[in-house]
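Working from the sequences, and respecting the hints, build out all of it.
Going down the list, the sequences are from chains A and B. So the first sequence is numbered by the working numbering: it starts at 1 and just counts up by one. So the second sequence is numbered by the working numbering: it starts at 1 and just counts up by one.
Heads up, some of the hints might be wrong.
Here are some chain B residues pointing at chain A (derived, C-beta under 8 Å) [said to hold, decoys possible]:
#, residue
1, L99
2, T150
3, L252
Within a straight-line C-alpha distance of at most 20 Å, the following computed EDC-like cross-link-like pairs (lysine to aspartate or glutamate) qualify [claimed, not checked]:
#, chain 1, residue 1, chain 2, residue 2
4, B, K98, A, D245
5, A, K240, B, D107
6, A, K242, B, E104
7, A, K238, B, E108
8, B, K169, B, E121
Just the calculated beta-carbon pair ranges, DEER-fashion [claimed, not checked]:
#, chain 1, residue 1, chain 2, residue 2, range
9, B, K98, A, D161, 38 to 46 Å
10, A, K207, B, T209, 22 to 30 Å
11, B, S177, A, R198, 26 to 34 Å
Since the hints were made in silico from the structure, they are not lab data. The C-beta atom is built at its ideal place from N, Cα and C for all residues, glycine as well.
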Amino acid sequence: MLSRVQWKIIDALRKSEKPIGVRRISYMTGCSISEIWRQIRKMERMNIVTRASYGSYRRYLLNYNNPIVEPLLRLLETSERYSWLMGRDIYSAIRQLEKYYITGLFSVKGLVLNLVIPRKFIIAVSRDEVGKAMTIREWFNGLYSIEIVEKCVEKSLFSQDIYGINMASPEQAIADSAAFFELDPMGNAEVLLLLLYRDLDFSLISKLTEMQEARYRIWFVMRLGRLMGMPLPSEDFKPKEKAGDPSFERMMTAAFLRLIRSGQISGDKGW
Amino acid sequence: MVEWFEPIKCWEKKLFKKESLKNIAERLGWALGYDIVEREMLYYDTMYCFLTYFPEELVFIGGSMINRVYISRGIRFSFDLDTATVKPTSGKSVMLGKLLALNEILDEKKFSIPLKIGDMELRLGEVMIDTKKDIFPDVLSLKRIVPAMTFGTPISQYIRSRYGVDPGKEPYASYISELRNLIGFMPMLEEVRIEIGISKEGFQDAVETEVRSIIEPYAEPKLRLRTKVSSLESSISVKLKNLSRSFSEELLMDFVRDLCDLRMLFLKYDREKLKSLLRNEKVDVHAVLKNLSDIRSRGKQIYENSWHLSLVRESIGWEKLCDAVERRIKRLIAS
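Below is the structure:
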């Protein structure tokens, strides 16, 4: 087990291009010269560092011939990269971002009628925070499924929930689910079904949905709703060119059938 | 704003005037039946676009078909579009995609047009599921919303009852008032009922024919429907089956209606084929005869008062109808 000072020494030697002396190490680590002397002798014995003598001057460098050094360096790099996330839960980690919001099924989970559990976090972030968001995604890999979407967050609609997390408004979530449907098909299908049973500002959804493909998806869902007699403004979303996505339509129709079979939106039981 | 009858493509637009409708009704001898003339025009248009463009082969069946294809004199007014799938079909779910495809075609061919009222979009001519009636797993109940002038529900009342909005409030009030001023009458909406029978066996006993309108020859459709209809023998068999059910007062209206349609027995049909169909369907023709005496004694009032049967009444009296049908059923049994 390496001590804190020993880790600092490894870090200092790693950053230095040539062998360095104890004074220099002390300066770089912020530890006293006597402490560095004590620790570096131990590290020499452990064969982690090696000495290079220039006359009476002693210089030290990492012993790359020792097979443990490479893994130690990797560990150091990893802890450095994720240090700001260590000990944080997912919400606390997401709160470290500034220009972001959560969209998709997580953002509207209290509004959906079908009993589905959100499985993916879709985080929309501004360009300058993509790297940070990707680090969150890496850190929680295996624990949570996270997708990162680069967006102009300033033009999006969201608000903070009780945990202080930015959550997309239902209209924004619908526009996003239509645009990034493939990121979480099952979850996004449920979000799109909100079009059929929640009071929404359709003109706002239209403004938030620029991509033709996304407009086609909303158009398709609205047409399913129209089949049940809902006067949804599908014409506003009709794609300019003939569009079709059989796999999207199959998935959406199946989700729609689950909804109408339950009788929750139409009272219809004949399916 | 829209031209009100734009989605109706089977008839000349000039016919959608009260004078024209009245004129046709008078020539048909339906003194006050100008609304029936309009109803038939909207029904024919629905029949045409639905049976022509539905993306799966359908057979036109039921009373409306019988009274347009097989019975030519003294027809019974019927405006439900009953159909069945030709191919075996396992359930209604597969029909969703077909309905979407149908509506897309209707949209392309302008049999359906949008009508935007505030944040709502009604589509005149669109086909949708009739959620109130769609309760049976083997029948898909649909409706087509059509524009009307002399019958149906005023648009203000329609949007109130269907969508729960107050038509007296803006933007609905202004829109309706503008629309009314533009077209010159209170815009009405009617829902033409459509049913698709779904079975694992499909419906094979069909013949292709041209379907005429009941207001011909005084007005002829621009587009004529040619489609598959159930054969005469199949149609008779179904009516006999209906009449073989245990008698009850609730079914009396249906019994009288089926009895009127059994005037198909007066036509020339393939007796052996009919008997075979009756055997296959296990139709108890003796039960029909037994029911006939109850229907005869209790159904007269319905026969005499129903407007649907007014033309049937003109062509044949109740007793005579019962006698004639009974005689033909007995002859069928005897042979």
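Check each numbered hint from earlier against the structure, then list the numbers of those it violates in ascending order.
Result: hints 2, 3, 10 break, sorted rising.
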